[in-house]
Amino acid sequence: MGMTITEKILAAHAVKKQGAISQVLPGELIEADLDFILGNDITAPIAISEFKAIEKEKGRELEVFDKERVALVPDHFTPNKDVKSAEQCKMLRDFSRKKNIKYYFEIGKMGVEHALLPEQGLVLPGDCIIGADSHTCTYGALGAFSTGVGSTDLAAAMIRGKAWFKIPESIKFVYKGKLNKWVCGKDLILYTIGDIGVDGALYKSMEFCGDVISGLAISDRLTMCNMAIEAGGKNGIIEPDEKTLNYVKNIAKRDYKIYKSDPDAQYADIREYDVSKIKPQVAFPHLPSNTKPAADADNIQIDQVVIGSCTNGRLQDLEIAAGILKGHKIHPYVRLIILPATQKIYAAAMKKGLFDIFLESGGIISTPTCGPCLGGHMGVLAEGERCVSTTNRNFVGRMGHVKSEVYLASPAVAAASAIKGRITDPEEIKIK
Amino acid sequence: MKFKGKTWKYGDNVNTDEIIPARYLNTSDPKELAEHCMEDIDASFAKGIEKDDIIVAQENFGCGSSREHAPISIKEAGVSCIIANSFARIFYRNSINIGLPILECKEAVKDVDKGDILEVDLSAGTVLNLTKNKFYKSSPFPEFIQELISAGGLMKWVSKTLPPVKGE
Ligand code: SF4
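Residue numbers (this note's numbering), protein chains in the order written: chain A, 1 to 432; chain B, 433 to 600.
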């Protein structure tokens, strides 16, 4: 029987006493060998404490399963927001030094984890990856099985290099037609979540395909897989193609393998979208599924715009935003915060002159950090404030006060909204 | 494993930002986290919770981030068990991994009102609503999961499976 790409990767990584297994079925429980694991300054401290507890119990030091397959990225409350966050980051730093973990990323080298690891060639096609962060599903864009777990899973994986999984059913999402101007990966995924709901893919794999996906840049694909979790998905995945191979070829730190779904693979559902009907989208508070076209927003005044995050903080995102902001001033009542997602993106954006455009428009540029995305620092909202953000979550209180509001959108919609001071379709802005 | 307690009832899509807001994530101290448990959805929860109380919710409980702080804060607050129509998958994993009992049982959820007293038998997968005098049965966990729970969570299980020190 045919298998999906997700089933094939999991079968290839399944640990069975009788050797590798050739077939897995949805619902089956397996243990799988992991190619790469990660944690951040929120989730890793708990995992490290659990790791140490086992060391104490056993009365001996333990090594991590593979020093080159663990990444610890302090990105949520860094540069250290306060004493408590400093302590958490210090735990990561000390542990990494003690265990000789190769991929610990200090500020100056770091970035938001899900933008950083693909860029560093650490997550690759065919990999089986877990991360103690829900948006670990991002790496599916490169044709890997990658899913978010909790700290205890990370602790166990640091020791054993394995994790348990239930083989998920897959839903196939096929995108056809011609993309409208300004419509990008963010709009496609917001539209899709709006269609199926925040639990529309619960426990399932979301496989994105069709001509439109083949035409998308890796950056857009990463954005789409990043938000699979917002529909409850276990993972998002896109079959590797020439673009994928070009992307990883010069940066890959390890070997990788290409898997593709069989033509007769089984799907729980197949959904087709004619993208020519999709306009730039906005997810209204307080769920990512609460979407409508930006053009239909009824004069919604905003206080802040955030452009960045693991969803849309890559160079391409910043270029799109700069293209709209160029020669314009942002609305006097709006604060515009730009967060290049990694140090490398930061440097590239600066070299390309994007910073000049952002600064002249009235925006500010932050060092890479998750910061405002989770209401941490660098742009927390007050009561009643509204923010258009290129991030991935708009739950109650996500960016600050419980009575603040987050509207999720693409970099183009965010930039256009910053200029007008209200939610705006980019079509309204004159490109200079 | 049996639990008896009074219920707190919530709706669909209770998310991790509501269970434990990110502004408190600069610590992983269970006690501190428990003080803010459910704060953004029900400010009365952390003050009113009594030991062995049971949370009952509808679809997709625990959606959002992977923060284990969410089930940790619930467990530390004294909750004995969560019953929901469905759980978000990372929350589901995390609860099992830290040994916080959870159960999917639509019928029981439908009839529960806030304050009802429930008796839950996890190994049998049954729920008895003592207030309404009704009995419900849901499907038990897969074998491997039961193994993890009976070991006391994932780390206890890992510890058991670790090879002994040489010469031990
Ligand atoms: S940018 Fe936001 S969604 Fe992405 S890892 Fe950071 S906090 Fe999570």
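It is worth saying that the hints were derived from the structure and are not from the lab. Check before you lean on any hint, since a few could be wrong.
What the hints assert, rightly or not - Derived pair list, reagent style PhoX-like, types lysine-lysine, alpha-carbon separation capped at 25 Å: (1) 56/A / 592/B; (2) 592/B / 166/A; (3) 566/B / 588/B; (4) 438/B / 99/A; (5) 483/B / 538/B; (6) 279/A / 178/A; (7) 436/B / 52/A; (8) 84/A / 538/B; (9) 67/A / 463/B; (10) 538/B / 56/A; (11) 483/B / 56/A.
Claimed, not checked - From the derived model, a few chain B residues whose C-beta atoms are all more than 10 Å from chain A: (12) 441; (13) 447; (14) 499; (15) 521; (16) 542; (17) 546; (18) 565; (19) 576.
Stated by the list, open to error - To be clear about the criterion: a stretch of chain B counts as covered by chain A if any three or more of its residues have a C-beta under 8 Å from a C-beta of chain A, and this derived list gives those stretches: (20) 452-466; (21) 507-514; (22) 524-533.
The C-beta atom is built at its ideal place from N, Cα and C for all residues, glycine as well.
Hint-by-hint comparison with the structure:
With a C-alpha separation of about 14 Å, the suggested pair residue 56/A and residue 592/B falls inside the 25 Å cut-off, and the hint holds. Restraint check for residue 592/B and residue 166/A: the C-alpha separation of about 22 Å stays at or below 25 Å, so the hint holds. Only pairs whose Cα atoms come within 25 Å are accepted, and residue 566/B paired with residue 588/B is rejected, the gap being roughly 36 Å. A distance of roughly 46 Å separates the Cα atoms of residue 438/B and residue 99/A; the hinted pair therefore is violated under the 25 Å criterion.
Proximity of residue 483/B to residue 538/B is assessed by CA-CA distance (about 24 Å); at most 25 Å being required, the pair is judged to hold. Restraint check for residue 279/A and residue 178/A: satisfied, since their Cα atoms lie roughly 12 Å apart, inside the 25 Å limit. The hinted pair formed by residue 436/B and residue 52/A fails the criterion: a straight-line CA distance of about 34 Å is larger than 25 Å. Using a Cα cut-off of 25 Å, the hinted pair residue 84/A and residue 538/B is violated, with the two alpha carbons roughly 41 Å apart.
At most 25 Å may separate the alpha-carbon atoms for a hinted pair to count; residue 67/A and residue 463/B exceed this at roughly 33 Å. Between the alpha carbons of residue 538/B and residue 56/A the distance comes to roughly 42 Å, so the proposed pair goes past 25 Å and is violated. Taking the CA atoms of residue 483/B and residue 56/A, the gap is about 30 Å. The hint is violated against a cut of 25 Å. A cut-off of 10 Å between C-beta atoms confirms that residue 441/B is not in contact with chain A; the least separation is 18 Å.
Residue-level check failed: residue 447/B sits 5 Å from the nearest beta carbon of chain A, not beyond 10 Å. Here residue 499/B does not stay apart from chain A, with its beta-carbon only about 6 Å from theirs, under the 10 Å limit. Not every C-beta of chain A lies more than 10 Å from that of residue 521/B, the closest at about 5 Å, which undercuts listing it as non-interface. Against the 10 Å criterion, residue 542/B stays outside the reach of chain A, whose nearest CB is about 17 Å from its own CB.
A cut-off of 10 Å between C-beta atoms confirms that residue 546/B is not in contact with chain A; the least separation is 20 Å. Distance check for residue 565/B against chain A: the nearest CB is about 32 Å away, which clears 10 Å, and the non-interface claim stands. Listed as a non-interface residue, residue 576/B fails to keep its Cβ farther than 10 Å from every Cβ of chain A; the least gap is roughly 5 Å. Here's how the segment 452-466 of chain B fares: 7 of its residues keep a CB closer than 8 Å to some CB of chain A, so the rule of at least three is met and the hint holds.
Proximity of the segment 507-514 of chain B to chain A, defined as three or more residues with a beta carbon under 8 Å from a beta carbon of that chain, is not established by the 0 residues found. For the segment 524-533 of chain B, the assignment as covered by chain A holds, since 4 residues bring a beta-carbon within under 8 Å of that chain's beta-carbons and 3 suffice.
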